[in-house]
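Knowing the structure of chain E, use the given hints to seat chain L on it.
If you're matching them up, the sequences are chains E and L in order.
So in the working numbering, spot 18 of the first sequence is number 18, and the numbers just go up one at a time.
Just so we're on the same page, the working numbering is the position in the second sequence counted from 1, plus 95.
It is worth saying that the hints were derived from the structure and are not from the lab.
Just so you know, not all the hints are guaranteed correct.
Beyond 10 Å from chain E on every Cβ pair, some chain L residues (computed) [to be verified]:
1) K225
2) S271
3) Q324
4) S389
5) R445
6) E474
7) S588
Covered stretches of chain E (in silico footprint by chain L; criterion: 3 or more residues with CB under 8 Å from a CB of chain L, positions within the stretch not fixed) [unchecked claim]:
8) 45–52
9) 68–78
Using 30 Å as the maximum straight-line C-alpha spacing, the simulated BS3-like pairs for lysine-lysine come out as follows [stated by the list, open to error]:
10) L:K327 - L:K275
11) E:K90 - L:K275
12) L:K249 - L:K303
13) E:K91 - L:K602
14) L:K275 - L:K109
15) L:K630 - L:K602
16) L:K619 - E:K91
17) L:K619 - L:K303
18) L:K327 - L:K641
19) E:K91 - L:K327
20) L:K327 - L:K249
21) L:K225 - L:K303
22) L:K491 - L:K225
23) L:K249 - L:K225
24) L:K109 - L:K225
25) E:K91 - L:K434
26) L:K109 - L:K143
27) L:K641 - L:K602
28) E:K90 - L:K225
29) L:K303 - L:K491
30) E:K90 - L:K619
31) L:K630 - L:K434
32) L:K491 - E:K90
33) L:K275 - L:K249
C-beta: ideal position from N, C-alpha, C; glycine also.
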Amino acid sequence: MSGAPSSNAPATKLTSDASKDKNAEPSKEQKPAANNGPLEEDDEFEDFPIEDWQEEDTQLPGGNAHLWEESWDDDDTNEDFAVQLREELKKLEKK
Amino acid sequence: MSTIESQLLLEVNKAIQGRHAHQLQSILVIEPPFPPIYEQLIAHLKTKYPRNNPSSEENLEHIVRANVSETEEGEDEQGRPVPNWSPMVSFLACWMSFIRDVNVENLLETYERLSDLQQKANSALQHATKGILILPTVIAYANVFSRVAIGLDKRPELIAHIVSAASSSDEGRAESLPEKAANILRNAFTTCLNDRNTAPRGITPQGKPDGKKIGIYKMANICLRILFQCQKLDNCQTIFNNIQNSSPPLHIYPASERVTYLYYLGRYHFACTHFFAAQLALQRAYDECPTVSSCNPQRRLLLIYLIASNLLLGRLPSPSLYTRPEAVGLREHFEPLAKAIRTGDLALFRRITSLDLSHPSARFLSRHRLFYQLANYCEIFVWRSLFRRVFLLTGKQGDTDRSAPTLDLHAVLAAFRLLETRARNMTPAMEKADSGGPGNRHISLALADFSTPSAAAAVDGYEYVDEDFDGVEGVVPYVHSPDIMEMEAICASLITQGFLNGYISHKLSKFAVMGARRPGGAAKNGFPNVWAVIKTRSGEEVFGWKEGAKGGVGPGMGGGTVVRLSGARPAGA
Chain E
1 MSGAPSSNAP ATKLTSDASK DKNAEPSKEQ KPAANNGPLE EDDEFEDFPI
51 EDWQEEDTQL PGGNAHLWEE SWDDDDTNED FAVQLREELK KLEKK
Chain L
96 MSTIESQLLL EVNKAIQGRH AHQLQSILVI EPPFPPIYEQ LIAHLKTKYP
146 RNNPSSEENL EHIVRANVSE TEEGEDEQGR PVPNWSPMVS FLACWMSFIR
196 DVNVENLLET YERLSDLQQK ANSALQHATK GILILPTVIA YANVFSRVAI
246 GLDKRPELIA HIVSAASSSD EGRAESLPEK AANILRNAFT TCLNDRNTAP
296 RGITPQGKPD GKKIGIYKMA NICLRILFQC QKLDNCQTIF NNIQNSSPPL
346 HIYPASERVT YLYYLGRYHF ACTHFFAAQL ALQRAYDECP TVSSCNPQRR
396 LLLIYLIASN LLLGRLPSPS LYTRPEAVGL REHFEPLAKA IRTGDLALFR
446 RITSLDLSHP SARFLSRHRL FYQLANYCEI FVWRSLFRRV FLLTGKQGDT
496 DRSAPTLDLH AVLAAFRLLE TRARNMTPAM EKADSGGPGN RHISLALADF
546 STPSAAAAVD GYEYVDEDFD GVEGVVPYVH SPDIMEMEAI CASLITQGFL
596 NGYISHKLSK FAVMGARRPG GAAKNGFPNV WAVIKTRSGE EVFGWKEGAK
646 GGVGPGMGGG TVVRLSGARP AGA
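Excised from the complex, chain E in its bound form:
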């Protein structure tokens, strides 16, 4: 990639006192969930540190691995949930 990308896009000086750089905060996901509080803000899609790049800059080492499971039907009738379900359905048959 041409030019080592520096840090994130600079926060504009005019606004530094208005919207504190929320990315500087420790990850919000680590905070304990307070169920009654207001919803946290939507994350902002930051400006890219570079304007343009080439296709090779988007390639992962090892290529684009398999990302999605399209056939995921679960035939395992011995796992916990299936066992409970089977017990319940047996009761029905006895009736």
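Below, chain L alone, put in the same frame as chain E:
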């Protein structure tokens, strides 16, 4: 003797003469701290053109006209007339008063002054031949202006008086302050989009965007950033319409603009429940995002919406996806939902999507504005898996070679009742106790009778009394419990959407599986692959995404649609 302001204006004139748009931008700075030469200029402006003197503005315009001869009408190299550029005069005068007065402590005033300055810059941008010289300046100001607008929106105490004044005087819906900013910036976006002084279709022979069209996606992305941050997604539609109608193709723009635009476009389609279109846009953005670690925040956000879109299309994240650096911590938020879909665990699904947000994933999903879509549109996949699971456990092969395997809908009903009741009765503490699995369960789980609807009524929050009858003596709260009609309705809905292959015998309350003798048997052919079903019926065109010469015609429709037939009368009744 030339003054400091006239020296600076002569520099401006030189930049225009040389058609150096970026040099012009570097002169017309607006953000403190200013370099020493500007501090001198500001001091001079304060004495010679003080803020409180009503004629200062006129005097400033006068010195602009005197020094920036490029704003006069003239002729180009071929002798064709070039109209005057008066909006540039007003803009330059406005810029000088802006830097004279700017005070970042007063955010609201800064916003108002920037708004004025931005509008004047937008007007200057409209000049047919010279307007393009101000484009980099317009974009740089737009970035600052959008930050101030978003910043103000997050400080409601600063704008409370404006908001209340607007809502009491205006009819209908008052425009919020960030929306006003977005509308101002959209004017510049439209100017870029409609530039006629370009090569055919706005593309240079080298395949690059020509003229002001170079600014289309930069301006669109800034507008979209404001509208998303302030949750005014309705307002985005105009931008996508305009781009669909008159933009050059997206692929000729720089990668950062493409990826950012496709992020917003994908999220917009996601919010509108066009999940297939969302998936196409987000997947492309994710694929084109650099893998360098400094771009991890962008990759992570793209991945979050991409995972959600795929869940809604019946594709579940693979284990290897979660090993990527940008995916740290995402498994815990998405895997419970994927598990509920995979296994048909309706109780788990109900707990994840409980509106009290008590499930550990719920806050995450809400914060990213995924909760509504996932809670409302994934349920049918859970239904399908539960039907399939009950079929595997209790389905009957046909009596003869020619008769179809069947699933008794009463068995499905028993499963639904068990799981619905279980979801209601499980408190978070019980759920935690349950997490130990068989042999490690808490005693309360062993004793709780999950199978009767009356047990559910004891739990607050699941009893319903219409507010008109609240407190009236003798009113029995309503507790929903699925019945056989609802099972038939759900089954019919799944058949209609292509997620079950077969038919219902209303008389026997059974679902008969079709295609059981084809390879794979009933479990495969009776329960078609969700992703394959959705993919087949979805278009590849994404509204708002211009590719090549052809334009898309409409948003790709995708995702499951909940068709509730509980109120419908059975056929023939």
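For each hint, the structure was consulted:
1. With 10 Å as the threshold on Cβ separation, the claim that L:K225 sits away from chain E holds: the shortest Cβ distance comes to roughly 25 Å.
2. Residue-level check passed: L:S271 sits 16 Å from the nearest beta carbon of chain E, beyond 10 Å.
3. In this structure L:Q324 is not separated from chain E by more than 10 Å, as the shortest Cβ-Cβ distance comes to only about 6 Å.
4. Under the 10 Å C-beta cut-off, the non-interface status given to L:S389 relative to chain E is violated; the minimum distance is some 5 Å.
5. Under the 10 Å C-beta cut-off, the non-interface status given to L:R445 relative to chain E holds; the minimum distance is some 14 Å.
6. Even its closest Cβ contact with chain E, about 17 Å, leaves L:E474 beyond 10 Å, as expected for a residue assigned away from the interface.
7. The Cβ of L:S588 sits about 19 Å from the closest Cβ of chain E, beyond the 10 Å cut-off, so the non-interface label holds.
8. Residue count for the segment 45–52 of chain E with a Cβ under 8 Å from a Cβ of chain L: 8. That meets the three needed, and the coverage hint holds.
9. Note: the segment 68–78 of chain E has 9 residues with beta-carbon separation from chain L under 8 Å; the three-residue rule is met and the coverage holds.
10. Under the criterion of a C-alpha separation no larger than 30 Å, the hint pairing L:K327 with L:K275 is consistent with the structure, at around 11 Å.
11. With a CA separation close to 64 Å, the supplied pair E:K90 and L:K275 exceeds the 30 Å bound.
12. Between L:K249 and L:K303 the CA atoms are separated by roughly 38 Å; this puts the pair beyond 30 Å, and the hint is violated.
13. For the given pair, E:K91 sits about 23 Å from L:K602 by alpha-carbon distance, which is consistent with the 30 Å threshold.
14. Of the supplied pair hints, the one linking L:K275 and L:K109 is violated, its CA atoms being roughly 34 Å apart against a limit of 30 Å.
15. The hinted pair formed by L:K630 and L:K602 fails the criterion: a straight-line CA distance of about 34 Å is larger than 30 Å.
16. A threshold of 30 Å between alpha carbons decides the hint, and for L:K619 with E:K91 the separation of about 27 Å falls inside it, so the pair holds.
17. Taking the CA atoms of L:K619 and L:K303, the gap is about 50 Å. The hint is violated against a cut of 30 Å.
18. Taken as a hint, the L:K327 and L:K641 pair is honoured in the structure, with Cα atoms around 23 Å apart against an allowance of 30 Å.
19. For the proposed pair E:K91 and L:K327, the alpha carbon gap of about 52 Å is over 30 Å, so the pair is violated.
20. This hinted pair checks out: L:K327 and L:K249 have alpha carbons roughly 14 Å apart, not beyond 30 Å.
21. Annotation: proposed proximity of L:K225 to L:K303 holds, straight-line Cα distance about 20 Å (limit 30 Å).
22. As the CA atoms of L:K491 and L:K225 are separated by approximately 78 Å, the hinted pair breaks the 30 Å bound.
23. A threshold of 30 Å between alpha carbons decides the hint, and for L:K249 with L:K225 the separation of about 37 Å lies outside it, so the pair is violated.
24. Of the pairs offered as hints, the one joining L:K109 and L:K225 holds, with about 13 Å between alpha carbons and a cut-off of 30 Å not exceeded.
25. At roughly 26 Å between alpha-carbon atoms, E:K91 and L:K434 fall within 30 Å of each other, so this suggested pair holds.
26. At roughly 24 Å between alpha-carbon atoms, L:K109 and L:K143 fall within 30 Å of each other, so this suggested pair holds.
27. For the given pair, L:K641 sits about 52 Å from L:K602 by alpha-carbon distance, which is inconsistent with the 30 Å threshold.
28. Taken as a hint, the E:K90 and L:K225 pair is broken in the structure, with Cα atoms around 81 Å apart against an allowance of 30 Å.
29. A threshold of 30 Å between alpha carbons decides the hint, and for L:K303 with L:K491 the separation of about 64 Å lies outside it, so the pair is violated.
30. Straight-line distance between C-alpha atoms of E:K90 and L:K619 comes to about 24 Å, which keeps the hinted pair within the 30 Å bound.
31. Taking the CA atoms of L:K630 and L:K434, the gap is near 22 Å; set against the 30 Å cutoff, the hint holds.
32. For a cut-off of 30 Å, the pair hint linking L:K491 to E:K90 stands: about 14 Å separates their Cα positions.
33. For the proposed pair L:K275 and L:K249, the alpha carbon gap of about 15 Å is at most 30 Å, so the pair holds.
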